[in-house]
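Engineer: Protein chains in written order, with this note's numbering: chain W, 22 to 634; chain R, 26 to 427.
Just so you know, these hints were derived from the structure itself, not from any lab.
Where hints are given, some of them may not hold.
Said to hold, decoys possible - Per the computed footprint, the stretches of chain W lying under chain R, defined by three or more beta-carbons under 8 Å from a beta-carbon of chain R, are:
{"id": "1", "stretch": "408-420"}
{"id": "2", "stretch": "460-470"}
Claimed, not checked - Pairs of lysine to aspartate or glutamate, DMTMM-like flavour, derived with a Cα cap of 25 Å:
{"id": "3", "chain 1": "R", "residue 1": "212", "chain 2": "W", "residue 2": "99"}
{"id": "4", "chain 1": "R", "residue 1": "166", "chain 2": "W", "residue 2": "373"}
{"id": "5", "chain 1": "R", "residue 1": "92", "chain 2": "R", "residue 2": "137"}
{"id": "6", "chain 1": "W", "residue 1": "84", "chain 2": "W", "residue 2": "591"}
{"id": "7", "chain 1": "R", "residue 1": "212", "chain 2": "W", "residue 2": "535"}
{"id": "8", "chain 1": "R", "residue 1": "92", "chain 2": "W", "residue 2": "364"}
{"id": "9", "chain 1": "R", "residue 1": "92", "chain 2": "W", "residue 2": "591"}
{"id": "10", "chain 1": "R", "residue 1": "207", "chain 2": "W", "residue 2": "106"}
{"id": "11", "chain 1": "W", "residue 1": "291", "chain 2": "R", "residue 2": "259"}
{"id": "12", "chain 1": "R", "residue 1": "166", "chain 2": "R", "residue 2": "98"}
{"id": "13", "chain 1": "R", "residue 1": "92", "chain 2": "R", "residue 2": "316"}
{"id": "14", "chain 1": "R", "residue 1": "116", "chain 2": "R", "residue 2": "316"}
{"id": "15", "chain 1": "W", "residue 1": "328", "chain 2": "W", "residue 2": "211"}
{"id": "16", "chain 1": "W", "residue 1": "259", "chain 2": "W", "residue 2": "377"}
{"id": "17", "chain 1": "R", "residue 1": "166", "chain 2": "W", "residue 2": "377"}
{"id": "18", "chain 1": "R", "residue 1": "212", "chain 2": "W", "residue 2": "106"}
Model, not experiment: these values are computed from the prediction.
Note that the Cβ used here is the ideal one computed from N, Cα and C, for glycine as well.
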Amino acid sequence: MAAASAPTPPSTAEIAEAAEPLPSKLENSEPDCPRKTRPGLKRLALTFTVLFSFLLGLPFLLKSVEIYRSPLPFREIDDLSAAVESIPLQFPCKFRAVFVGTGGSSFDANELSVKIEHQMRKIAAKDSTSCGACSYNSSVSVVIENGADCFRSDNDFNWKCGALSELNKYEDSGEYNDELFDEYLHSLVDESDSRGNGGNVYTMIVVRREGQKDASAVVGKYRHGWIVGRVSEEEAVKKVASVFVKAFVNGGKEEGSISGEFMPVGADGKIVLSFNLLNADPHDWIYDWEFQEIDDNLLAPILKYLKPIADISVESQVLYHTPKSSFSYWDEKLWSYIFTTKDLPFFVNSNEWHLDTSVAAGGRSKILHLVVYVPSATECPLLLQLPNGKISKSNGFISPMWGSVVVWNHAACLNGSKMDTRVRHTISSEDMRKIFEVFIGQLRQLFGLKSKGIFRDTSSGTIRLLTSESGFTEWELDVLSRQHTCFNLLQCTTTLGSLSRLVQSLPRMIIKEEIGEQVRYSLEAAKSALSNVSAGIYDASAVSSRRARSFSEDAFYHPSMMSVSYYSFEHCFAVYSPFFLPVALHVLLAALREWKRYKQESRKFKAWKAKKD
Amino acid sequence: MATSFKFKPLTISILLLFLCNAIASSASGSSSTTMHTNNWAILVCTSRFWFNYRHMANTLSLYRTVKRLGIPDERIILMLADDMACNARNKYPAQVFNNENHRLNLYGDNVEVDYRGYEVTVENFLRILTGRHETAVPRSKRLLSDEGSHILLYMTGHGGDEFLKFQDSEELQSHDLADAVKQMKEKRRFKELLIMVDTCQAATLFSQLQSPGVLAIGSSKKGENSYSHHLDSDVGVSVVDRFTFFTLAFFERLNMYDNASLSSLFTSYNPNTLMSTAYYRTDLYQRRLEEVPVTNFFGSVMETIHTDSPYRAFSNRYYRKSKTEMPSDQSGGGNQRALEDSDVLEELADPKLNAIQVGCPLTHTWNTILGRMEKITQIDNFVNCGVVLMFPIVALSSWFSH
Numbered sequence: 022m023a024a025a026s027a028p029t030p031p032s033t034a035e036i037a038e039a040a041e042p043l044p045s046k047l048e049n050s051e052p053d054c055p056r057k058t059r060p061g062l063k064r065l066a067l068t069f070t071v072l073f074s075f076l077l078g079l080p081f082l083l084k085s086v087e088i089y090r091s092p093l094p095f096r097e098i099d100d101l102s103a104a105v106e107s108i109p110l111q112f113p114c115k116f117r118a119v120f121v122g123t124g125g126s127s128f129d130a131n132e133l134s135v136k137i138e139h140q141m142r143k144i145a146a147k148d149s150t151s152c153g154a155c156s157y158n159s160s161v162s163v164v165i166e167n168g169a170d171c172f173r174s175d176n177d178f179n180w181k182c183g184a185l186s187e188l189n190k191y192e193d194s195g196e197y198n199d200e201l202f203d204e205y206l207h208s209l210v211d212e213s214d215s216r217g218n219g220g221n222v223y224t225m226i227v228v229r230r231e232g233q234k235d236a237s238a239v240v241g242k243y244r245h246g247w248i249v250g251r252v253s254e255e256e257a258v259k260k261v262a263s264v265f266v267k268a269f270v271n272g273g274k275e276e277g278s279i280s281g282e283f284m285p286v287g288a289d290g291k292i293v294l295s296f297n298l299l300n301a302d303p304h305d306w307i308y309d310w311e312f313q314e315i316d317d318n319l320l321a322p323i324l325k326y327l328k329p330i331a332d333i334s335v336e337s338q339v340l341y342h343t344p345k346s347s348f349s350y351w352d353e354k355l356w357s358y359i360f361t362t363k364d365l366p367f368f369v370n371s372n373e374w375h376l377d378t379s380v381a382a383g384g385r386s387k388i389l390h391l392v393v394y395v396p397s398a399t400e401c402p403l404l405l406q407l408p409n410g411k412i413s414k415s416n417g418f419i420s421p422m423w424g425s426v427v428v429w430n431h432a433a434c435l436n437g438s439k440m441d442t443r444v445r446h447t448i449s450s451e452d453m454r455k456i457f458e459v460f461i462g463q464l465r466q467l468f469g470l471k472s473k474g475i476f477r478d479t480s481s482g483t484i485r486l487l488t489s490e491s492g493f494t495e496w497e498l499d500v501l502s503r504q505h506t507c508f509n510l511l512q513c514t515t516t517l518g519s520l521s522r523l524v525q526s527l528p529r530m531i532i533k534e535e536i537g538e539q540v541r542y543s544l545e546a547a548k549s550a551l552s553n554v555s556a557g558i559y560d561a562s563a564v565s566s567r568r569a570r571s572f573s574e575d576a577f578y579h580p581s582m583m584s585v586s587y588y589s590f591e592h593c594f595a596v597y598s599p600f601f602l603p604v605a606l607h608v609l610l611a612a613l614r615e616w617k618r619y620k621q622e623s624r625k626f627k628a629w630k631a632k633k634d
Numbered sequence: 026m027a028t029s030f031k032f033k034p035l036t037i038s039i040l041l042l043f044l045c046n047a048i049a050s051s052a053s054g055s056s057s058t059t060m061h062t063n064n065w066a067i068l069v070c071t072s073r074f075w076f077n078y079r080h081m082a083n084t085l086s087l088y089r090t091v092k093r094l095g096i097p098d099e100r101i102i103l104m105l106a107d108d109m110a111c112n113a114r115n116k117y118p119a120q121v122f123n124n125e126n127h128r129l130n131l132y133g134d135n136v137e138v139d140y141r142g143y144e145v146t147v148e149n150f151l152r153i154l155t156g157r158h159e160t161a162v163p164r165s166k167r168l169l170s171d172e173g174s175h176i177l178l179y180m181t182g183h184g185g186d187e188f189l190k191f192q193d194s195e196e197l198q199s200h201d202l203a204d205a206v207k208q209m210k211e212k213r214r215f216k217e218l219l220i221m222v223d224t225c226q227a228a229t230l231f232s233q234l235q236s237p238g239v240l241a242i243g244s245s246k247k248g249e250n251s252y253s254h255h256l257d258s259d260v261g262v263s264v265v266d267r268f269t270f271f272t273l274a275f276f277e278r279l280n281m282y283d284n285a286s287l288s289s290l291f292t293s294y295n296p297n298t299l300m301s302t303a304y305y306r307t308d309l310y311q312r313r314l315e316e317v318p319v320t321n322f323f324g325s326v327m328e329t330i331h332t333d334s335p336y337r338a339f340s341n342r343y344y345r346k347s348k349t350e351m352p353s354d355q356s357g358g359g360n361q362r363a364l365e366d367s368d369v370l371e372e373l374a375d376p377k378l379n380a381i382q383v384g385c386p387l388t389h390t391w392n393t394i395l396g397r398m399e400k401i402t403q404i405d406n407f408v409n410c411g412v413v414l415m416f417p418i419v420a421l422s423s424w425f426s427h
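From just these sequences and the hints, can you work out the full model?
Structural biologist: Pasting the structure below:
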């Protein structure tokens, strides 16, 4: 093995070596070339200094190519998804019932309570139990009033017996004024609330009396409902249970499931309602509206009421030259132009209707377009005909996650009188009110509730729902809060899960501190939402679940996490290794070689010294 | 002695190669029965310069088709280099044609380009797909789809084996596209995705896709080129590509109310006239192509539900008499088409590599080695093992060189 001193690239070690008289025929260290002097340490020191300086510099090099990755709490994210996704999230709800009857009752309070619970579970099992439903764990408190007697199933329900004896006050030729009765019952129910947890308690009051037609259930604006009339006890139990499950728990939907198309809240917890007045052909007539007035009087209270569910902001605009893109035909009998439900998907003419012009809406808000369409003279009046041949009462339709349209025919068109085309007309406030009633109904539909106030159920008859001036009744808001909480928490956990998988799959991607903070806030909000869920506080849980979702979406959609922008480990290695690898290896080998040489030389020296002595 | 020494690192490396196999974890599938709520279109022309006129004409023709069938501008993202219409070499300034009869000016009416010129980059494209924009990016430049959206992604330009060239300076790799689609699916940004690619070796661009609900068609297979249709001697360059030409011919026969199916579109491509094989991939798509109308991707669909009645809450300050008798129509299904498909991840049949049985044993072993290497899914670990192996090899070689 010849020493390759000439062809090797020059380095300090080799240059020094070239001056060395002895070639490294190191194996043949025989005493024919004895060493009389102690081997020098200079070269050894030199090579080792270079080696150590490389070793000292290594941590600095690694530090300089280090990437900052904010530590994400992966374990907590996994725990959260286990907590939310494994079992459907259910809320504690409390149900109470009062039976006021003239006839004798064959059951006592406890038996009635058990029967109601049993019926409720039967109905609830038929609907798919889904996220956001009530857990049917607590028992139903029942009070039975029978003349002067009063039996209770438990002492939680502090109902004042005999309170409904003045029922006659509200009779008017055998019918009731629902609103006043509702208020009266509300005051009674409020009083009877001993524990002060008015949040999640639902009450049904059954007044059995003779001599009337069959009773149907009515649900009020607050958290109670009633059945007044001729009804047997079995029937009453069935109706009460169905009101509890179908109305108070499921909100009047056919199945209580949450589907994404009825969750119009954007990822940042905001909705922008964009109200548009569309004049199809301004050559015929031009309409304007007093939007501010409507906004202040009708809309603002509703939007304030919906605050736990979403932050809603409102914009409005008036557009011209916006014909629709479907066709209508003239119907002699109805004396108007008709468009059918088959034309609805083609009604919105997106080429001419430039609706999405909001500057206030951020990238992740949801915009819902609520459109009033004023048809042109060639199509006036324009009515919507339903598949069963009847004319629609609302003359409008919704498209989930997009918005809704109402067709408004002005009075002059219906009479056939002439309009002054040069003047800008304003929609009268009475007409505006009517249009807004349709809008509120459509807004409810966009949230998944029904726009009309009656709920027809085959097994237990009809349930009538009272309307509220806030657009949504208290119990409907409860339903929405529960479902939105559930939906938001599920979205939050899936987003955080995707984020953690993404971060772990790209080990060389920079994770900014901001992202770490947002993940932590999101987890905190999700935990507080879960604790609110178990405590049964609906509003607070909806708000914190919204925050959780918004933070998790901010973290996931942070613009810095583009995998294209980051180098893989192989890239870094390929860049740095041609610089450092050859030199480092040569230095290392030189040091080793010097060490070996030193050892051999000192062994030779020792041997010579021993021989001399 | 020396020769055996040389082979030892090689055998060690091969052994380590097989030891470095890691098992990739499978993606999770989720079942969803969401309603189809809207359609989006992302049309990307990845070329610039005058001689790539036909790519811009392709994209603009498809833009016009998609708009005509109903998708509005607010749901179309158009990425063009946009340097044809006002190019100094354009004999017909501000006009772009896709046919030598010049019957249709594609640049005439209402063309809204979202990303133009140098904004058409791989990074912007991936940002559109994944949704990770800076906060200042306006809504018109974002893909605001939701879990009920069907997205049409059309890309045209110059491409090759597993890549697509962007503006002559960068490349979009097939695994980047697959990764972006995977992230979109995880975040439920689409219900179904149709990818149409009109480049050379187009089918390789979507070979790495794994997410369910994706349908892809490319104008040519691996190793084949895609050709332009005809040269316009007046303008001086080819004005349209064959695949796009036949696609447009199919759609010119349609209008908004039609329901031709996707399978009729896909089978309308004749390899003889196309001069390449239009290859499409349906293994990630659950529904049968005969049942899917083309307007599911190319047209505008609005799911509509009729509103039964207004919410009479504001006029009941006065006494309301009797129980109102509501008519018996329930909230109409309207035109709800509840699409039931469960996105269950199917086993991806490996179409890629067939072991070629050749008589020569060396090529056979080489092919089996290649096959094994193709199957190594955890490519990172393999590369890292190789990198780690480099150290001792370099050390040994530099030791021996002295």
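Engineer: Now look at each hint and say whether the structure bears it out.
Structural biologist: Here's how the hints hold up against the structure:
no. : hint          : verdict
1   : 408-420       : holds (count 10)
2   : 460-470       : holds (count 5)
3   : R:212 - W:99  : 17 Å, holds
4   : R:166 - W:373 : 20 Å, holds
5   : R:92 - R:137  : 11 Å, holds
6   : W:84 - W:591  : 17 Å, holds
7   : R:212 - W:535 : 21 Å, holds
8   : R:92 - W:364  : 19 Å, holds
9   : R:92 - W:591  : 45 Å, violated
10  : R:207 - W:106 : 21 Å, holds
11  : W:291 - R:259 : 54 Å, violated
12  : R:166 - R:98  : 11 Å, holds
13  : R:92 - R:316  : 23 Å, holds
14  : R:116 - R:316 : 45 Å, violated
15  : W:328 - W:211 : 24 Å, holds
16  : W:259 - W:377 : 48 Å, violated
17  : R:166 - W:377 : 12 Å, holds
18  : R:212 - W:106 : 16 Å, holds
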